[in-house]
Amino acid sequence: MAAAAAQGGRTGGGGGSSGAGGGPSCGTGSGRSGLLDKWKIDDKPVKIDKWDGSAVKNSLDDSAKKVLLEKYKYVENFGLIDGRLTICTISCFFAIVALIWDYMHPFPESKPVLALCVISYFVMMGILTIYTSYKEKSIFLVAHRKDPTGMDPDDIWQLSSSLKRFDDKYTLKLTFISGRTKQQREAEFTKSIAKFFDHSGTLVMDAYEPEISRLHDSLATERKIK
Amino acid sequence: MLSLDFLDDVRRMNKRQLYYQVLNFGMIVSSALMIWKGLMVITGSESPIVVVLSGSMEPAFHRGDLLFLTNRVEDPIRVGEIVVFRIEGREIPIVHRVLKIHEKQNGHIKFLTKGDNNAVDDRGLYKQGQHWLEKKDVVGRARGFVPYIGIVTILMNDYPKFKVRSCPTCFIKNVIFCYIWESTDYS
Numbered sequence: 001m002a003a004a005a006a007q008g009g010r011t012g013g014g015g016g017s018s019g020a021g022g023g024p025s026c027g028t029g030s031g032r033s034g035l036l037d038k039w040k041i042d043d044k045p046v047k048i049d050k051w052d053g054s055a056v057k058n059s060l061d062d063s064a065k066k067v068l069l070e071k072y073k074y075v076e077n078f079g080l081i082d083g084r085l086t087i088c089t090i091s092c093f094f095a096i097v098a099l100i101w102d103y104m105h106p107f108p109e110s111k112p113v114l115a116l117c118v119i120s121y122f123v124m125m126g127i128l129t130i131y132t133s134y135k136e137k138s139i140f141l142v143a144h145r146k147d148p149t150g151m152d153p154d155d156i157w158q159l160s161s162s163l164k165r166f167d168d169k170y171t172l173k174l175t176f177i178s179g180r181t182k183q184q185r186e187a188e189f190t191k192s193i194a195k196f197f198d199h200s201g202t203l204v205m206d207a208y209e210p211e212i213s214r215l216h217d218s219l220a221t222e223r224k225i226k
Numbered sequence: 001m002l003s004l005d006f007l008d009d010v011r012r013m014n015k016r017q018l019y020y021q022v023l024n025f026g027m028i029v030s031s032a033l034m035i036w037k038g039l040m041v042i043t044g045s046e047s048p049i050v051v052v053l054s055g056s057m058e059p060a061f062h063r064g065d066l067l068f069l070t071n072r073v074e075d076p077i078r079v080g081e082i083v084v085f086r087i088e089g090r091e092i093p094i095v096h097r098v099l100k101i102h103e104k105q106n107g108h109i110k111f112l113t114k115g116d117n118n119a120v121d122d123r124g125l126y127k128q129g130q131h132w133l134e135k136k137d138v139v140g141r142a143r144g145f146v147p148y149i150g151i152v153t154i155l156m157n158d159y160p161k162f163k164v165r166s167c168p169t170c171f172i173k174n175v176i177f178c179y180i181w182e183s184t185d186y187s
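First to last, the sequence lines map onto chains Y and F.
By my numbering, the letter at position 172 of the first sequence is numbered 172, and the numbering carries on one by one without gaps.
By my numbering, the letter at position 133 of the second sequence is numbered 133, and the numbering carries on one by one without gaps.
By construction, these hints were calculated from the structure, which means they are not laboratory data.
Certain hints may be false.
Stated by the list, open to error - In silico DMTMM-like links for lysine to aspartate or glutamate, alpha-carbon gap of 25 Å or less:
no. : chain 1 : residue 1 : chain 2 : residue 2
1   : Y       : K111      : F       : E91
2   : F       : K127      : F       : E46
3   : F       : K135      : Y       : D102
4   : F       : K136      : Y       : E109
5   : Y       : K111      : F       : E58
6   : F       : K15       : Y       : E186
7   : F       : K136      : Y       : E188
8   : Y       : K169      : Y       : D217
9   : F       : K15       : Y       : E70
10  : Y       : K111      : F       : D158
On a predicted model such as this, the values are computed, not experimentally measured, just so you know.
Let the hints inform the model, and build the full structure from the sequences given.
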């Protein structure tokens, strides 16, 4: 049974789109989610401008995420991302407060409030920079594997990647942190992006997905041996 | 449903990524805004950077020069200094030199200005019945300048198609365009 996810419209299996064959949704959703189905295009093969470095990296990252989440059924943890979003939201909030206050009380009276907002804004920018450099460190996925027995804490899988500007070597690093022993193991591979995209810029999941599975299994088997 | 390819990227994003894109844009705007407000606080002037719009101060300043202003309370205005002032009821600030000053014991001053390249003083420009300017009309005193950079603002002012209201908005828009152009490789 092609595990059709509750969101409707995912032709499951293999964690990736099966090329152009991925047709319209299975229609498991009700009428309310019908529009949402048509909007989401998780099935469509990923086609990007192959010369645009950031688009390439983003599509590779997203596909790696999809493999881990769909094939191995891990649960995504949004903690890191939420942290970054909160810091940005607070910064924008300070900016908006400054804008409105200055509009309501014209300049000379609003000086202290403005000074406070400006300083807070730049302090938040500093915090954001520290956060992204040291805490986030190019990690784009944190996934939990729920322990089937329910007793031990979750194992954590982290994915991080890097692709230098104008370079074609893409490095993907998978980190496994065992819930029980708190040990950390990593595996990574560096390959040219030309191996995963065809000449029109479509990501070929059949070439990409085995790589990720290989990384994952190499870390998983070590665990079993130990 | 329309199949617009460029929307594909957006459709593939989940809620968090969409929100992050919105925030990203907001942060760029906020950064420009905060830099502008920060300059306002540091210099004490409500418009710390202005563009010279007319040729009335040649050969010192030409059209399109960018001026940096400060408006500190402790610096007294003296004859011969270049001030930027706003006439009541008019929006556009004027850059001219101080000609005469009357000063009272308590520090209250009245002063008269004239553009270097003008034949007569500015009494013709002042409000009906007003013969002197006061400190409250002053936006700031010129402290430094960069030549030619403000030509973009003048073009936008001259051609109503690209009309933007005043110099601060132009500044922010210029900065925004620079940021967007620079940050095309977001990660």
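Hint check results:
1. K111/Y / E91/F: holds, 22 Å
2. K127/F / E46/F: With a Cα-Cα distance of about 21 Å, the restraint between K127/F and E46/F holds, given a limit of 25 Å.
3. K135/F / D102/Y: holds, 21 Å
4. K136/F / E109/Y: Roughly 14 Å separates the two Cα atoms, so the pair holds.
5. K111/Y / E58/F: violated, 34 Å
6. K15/F / E186/Y: Between K15/F and E186/Y the Cα gap is close to 30 Å, so the pair fails against 25 Å, i.e. violated.
7. K136/F / E188/Y: Outside the cut-off at roughly 66 Å; violated.
8. K169/Y / D217/Y: Holds, because 22 Å separates the two Cα atoms, which is no more than 25 Å.
9. K15/F / E70/Y: holds, 18 Å
10. K111/Y / D158/F: violated, 33 Å
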